[in-house]
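**Student:** Which chain is which? The protein sequence lines are A and B, in order.
Under my numbering, the first residue of the first sequence carries the number 45, and numbering increases by one thereafter.
Under my numbering, the first residue of the second sequence carries the number 293, and numbering increases by one thereafter.
These are calculated hints, taken from the structure and not from any lab test.
On a predicted model such as this, the values are computed, not experimentally measured, just so you know.
Wrong hints could be hidden among the right ones.
To be verified - Chain B side only, calculated, beta carbon under 7 Å to chain A, not exhaustive:
hint, residue
1, Arg309
2, Glu345
3, Met474
What the hints assert, rightly or not - Ranges between beta-carbon positions, derived for each pair:
hint, chain 1, residue 1, chain 2, residue 2, range
4, B, Asp589, A, Asp304, 30 to 40 Å
5, B, Leu562, A, Asp315, 51 to 61 Å
6, A, Gly258, B, Thr334, 39 to 49 Å
7, A, Gly258, B, Pro576, 30 to 40 Å
Quick reminder that beta carbons are idealized off the backbone N, C-alpha and C, glycines included.
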Amino acid sequence: MTNAPGSPFPSRIAGAFARARSQGRKALVLYLTGCDPDFETSRRLLLAAARAGTDVLELGVPWSDPSADGPAIQAAMRRALAAGGGMGKALDLCRAVRADNAEVAIVLFGYANPIFVRGAAKFAAQAKQAGADGALCVDWPADEDPELAQALSQQGLDLVPLIAPTSTPERVKAIAAVAGGFLYYVSLTGITGSQLPNLGEASARVRQVRELSGGRLPVAVGFGIATPADARAVAGFADGVVVGSAAVRVIERAVAAGRDPVPELEAFVRDLRAALG
Amino acid sequence: MSTVPHAPGQFGPYGGRYVSETLMPALEELAAAWERFSRDPTFRAELDRLLREYVGRPTPLTEAAQLADQVARAQGRRLRVFLKREDLCHTGSHKLNNCVGQILLAQRLGKKRIIAETGAGQHGVATATVCALFGLPCEIYMGAVDVERQSLNVFRMQLLGAKVHSVKDGTATLKDAMNEAMRDWVTNVGTTHYVLGTVAGPHPYPTMVGELQSVIGREARVQIQAATGRLPDACLACVGGGSNAMGLFRGFLDDPGVRLFGVEAAGEGLDTSHHAATLGKGRPGVLHGARSYVLCDDDGQIAEAHSISAGLDYPGVGPEHSYLRDTGRAVYLAATDQEALDACRLLARCEGIIPALESAHAVAGLPRVAAQLPDGASVIINISGRGDKDMGTIAKYFGAEVSS
Ligand SMILES: Cc1ncc(COP(=O)(O)O)c(C=O)c1O
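Between the sequences and the hints, there should be enough to build the whole structure, so can you do that?
**Tutor:** Have a look at this one:
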């Protein structure tokens, strides 16, 4: 079972996008690094984000070598690692959030080595047991090595893939074929936290991704979306909007000033959600 | 895990392409281009000409009689030792072999900008050198710790016209420089070629860099037969990412009578946490785009490596070495900082050759390797680079003794 009992949707993630659609709006996907700045604050932040209208939480698994991330998420991972964060704690955090919130969809978002060292099958079983709905592994292409996709599928968890501006049509098809939940289209050729590019190309590419994937899954767009205005612009052509670095920076600023980051993040998420209609 | 052994880029269960989707098409393009041009006679001819006229190949194979004598006498046996002199390549190390090949390829791909990571600075200098020759803009990523301990090479790169970025994230050494180079590449992949400096990274780098460095082993194979009338009993090389070792090993992989030994950095000792013995103490994992041995904790967090030699200070290793280790085709030892320093001085005093601290690790492995070989055996040691860049570090360790 990947969803709440009685849910008509194949997974909680699919349910989140379907619910947003039925409410005439686009889904809000929010990335936070787990254990940033510490376990308990992170737990409260994730629950607050859900309360403020996040449809899908991407729970970032801190890793020592985040080579696809920009400075904001790199710094978040340093803070999280210093607080004892990692894959083990991310799973604990997922379980703790799930204990207080049965609805919000949760995707574990991280890099390959912590999964590989555990073993993909064990990771998938633990993720399932912790109440996660899917996983996104930045540097584990499913067509290159199907082991993770198979392990997740055996647990009924969704593999959420990244699709990039550089992805060829053949790759988009191959990626979409093993994907579940949603397709994450990366708005730009670059790392997280970069400047949002001209959206004309992203919009055309999202249309193309929908065609190539037969419209089987919703397409969310992320990287560089920092403000409610950005979110509204992207919502004009995507099924969902992913915000990461900007949310992490809200936390960083509050923590640096010695304030509790929870109310500020909650307000930030409410504004984003309001912008999505 | 791939069910097809030795599919392109696979070395048993190791290798592959574990990168973000943005880079996958570029790696596919690069693999196809390497496949095509590495067999193209015009490309080969141009590469061979550069290796001959610019790099200074073939490099000599020098018999080290006094060094052999010292080791053999202590063990009561006869021994012949030959040094493959990559220290005599232009820019002072084997790194240039790889750079000329990759930049020729980058030109064919129409890339307008070159980036690279560097640890000891030798790969950065080699990349900056070839970029100067070909008139290409060049940016080098180097850990802040390495910028400090290899400052001479930083200045060389700048003199050659390259921009050097000091990377402060993480442990501020080679692995972090690679992370930053990958971030640059992900951002500029359309215009930029990433000249990875060793046999690590995603496919096709381990294959391509291994093939470009295999000139070392091809030459050594001919040279040793000319010198002794037969193949060597053993080959010995230091292993950071593993490119100079792979280059030498490739000349002898199919000769079961030639034993292959790699020497990793044991830093302050394998029983401490301050070492870089990835094959000796690590476990299979995923780092910088490939499955291979890595140094990491049970949670999968990459460990901080340590070595006196910046070029070996890396918690990963090329996937082909992982495969050679598991199959037993190659055996991997480790030498401590102190053993490397002693070996550096020994080679200087015996043969008048000051090796890079990286290469000194290979020399340090000689007594242990010789002890396993029959009487009268011959050994090739790869002297991957010269020691000029390390004079500051070495002087600090030997203190008054060197400056007197
Ligand atoms: C002289 C020298 N030898 C060896 C190495 C280690 O690299 P590899 O193991 O790829 O040969 C380096 C790296 O900087 C080097 O400069």
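**Student:** For every hint, state whether the structure bears it out.
**Tutor:** Going through the hints against the structure:
1. Arg309: holds (5 Å)
2. Glu345: violated (37 Å)
3. Met474: Result: holds, 4 Å to nearest chain A Cβ.
4. Asp589(B) <-> Asp304(A): 30 to 40 Å: Since Asp589(B) and Asp304(A) have Cβ atoms about 31 Å apart, the given range 30 to 40 Å holds.
5. Leu562(B) <-> Asp315(A): 51 to 61 Å: Since the Cβ atoms of Leu562(B) and Asp315(A) sit about 54 Å apart, the hinted range of 51 to 61 Å holds.
6. Gly258(A) <-> Thr334(B): 39 to 49 Å: Check passed, 44 Å falls within 39 to 49 Å.
7. Gly258(A) <-> Pro576(B): 30 to 40 Å: holds (37 Å)
When each numbered hint is compared with the structure, a violation occurs for hint 2 only.
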